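Novice: Sequence:
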Amino acid sequence: MVTLSFTSLVVPDPVRSSAFYEDVFGLAEVTELTSAWFRGLHLGGIVLGFSHPHAYELLGLAEPPPGTDAVRTFLTFEAASEAEVDALTRRATDRGAVLAAGPGRTYYGAWQSVLLDPDGHAFRINHLRLGS
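FYI, in our numbering the residues of the sequence shown are 29 to 160.
No lab work stands behind these hints: they were computed from the structure. Being a predicted model, the structure only gives us computed values, none of them experimental. A few of these clues could be false.
Ranges between beta-carbon positions, derived for each pair [claimed, not checked]:
no., residue 1, residue 2, range
1, D122, G54, 37 to 47 angstroms
2, T96, P146, 16 to 26 angstroms
3, Y136, G72, 17 to 27 angstroms
4, P40, D145, 17 to 27 angstroms
5, T59, L37, 11 to 21 angstroms
6, G95, R44, 12 to 22 angstroms
The beta-carbon is built from N, C-alpha and C at its ideal position, and this holds for glycine as well.
Required output: the full structure, derived from the provided sequences and hints.
Specialist: Printed below as a string of structure tokens:
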């Protein structure tokens, strides 16, 4: 079974942006994921992420020129295993998704692929289990 594990917003200042949501909604930080480029907040069973624009390079996605529409958010679907990431990646590309990166190991230890759906929306298929 696949679950939604992350939803991420690309923002100029992840610390400032995550602090807003942490303050407004009383969400706790996911300290295991804190980096120079990312902050995450526990939101029910998912992580609400705030990624610095450097995420575009890390994910193999084109950064939008200032003032234009482009990938600004992406969904992350959590798979049960690395093998399931691989299988779902093949399934997605067989159905018209374009592979942007992976499957491969991320800098934070996940096994992940990054894809664009047929409408151009970015999403990831990921295997990483975090402690609560």
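Novice: All the hints need checking, so say for each whether the structure fits it.
Specialist: Cross-check of the supplied hints:
For the pair D122 and G54, the supplied restraint of 37 to 47 angstroms holds, since their beta-carbon distance comes to about 42 angstroms. The supplied range of 16 to 26 angstroms is met by T96 and P146, whose beta-carbon atoms lie about 21 angstroms from each other. About 21 angstroms separates the C-beta atoms of Y136 and G72, a value consistent with the hinted range of 17 to 27 angstroms. A hinted range of 17 to 27 angstroms for the beta carbons of P40 and D145 is consistent with their spacing of about 26 angstroms.
For the pair T59 and L37, the beta carbons lie near 19 angstroms from each other, so the given range of 11 to 21 angstroms is met. A hinted range of 12 to 22 angstroms holds for the C-beta pair G95 and R44, which are about 21 angstroms apart.
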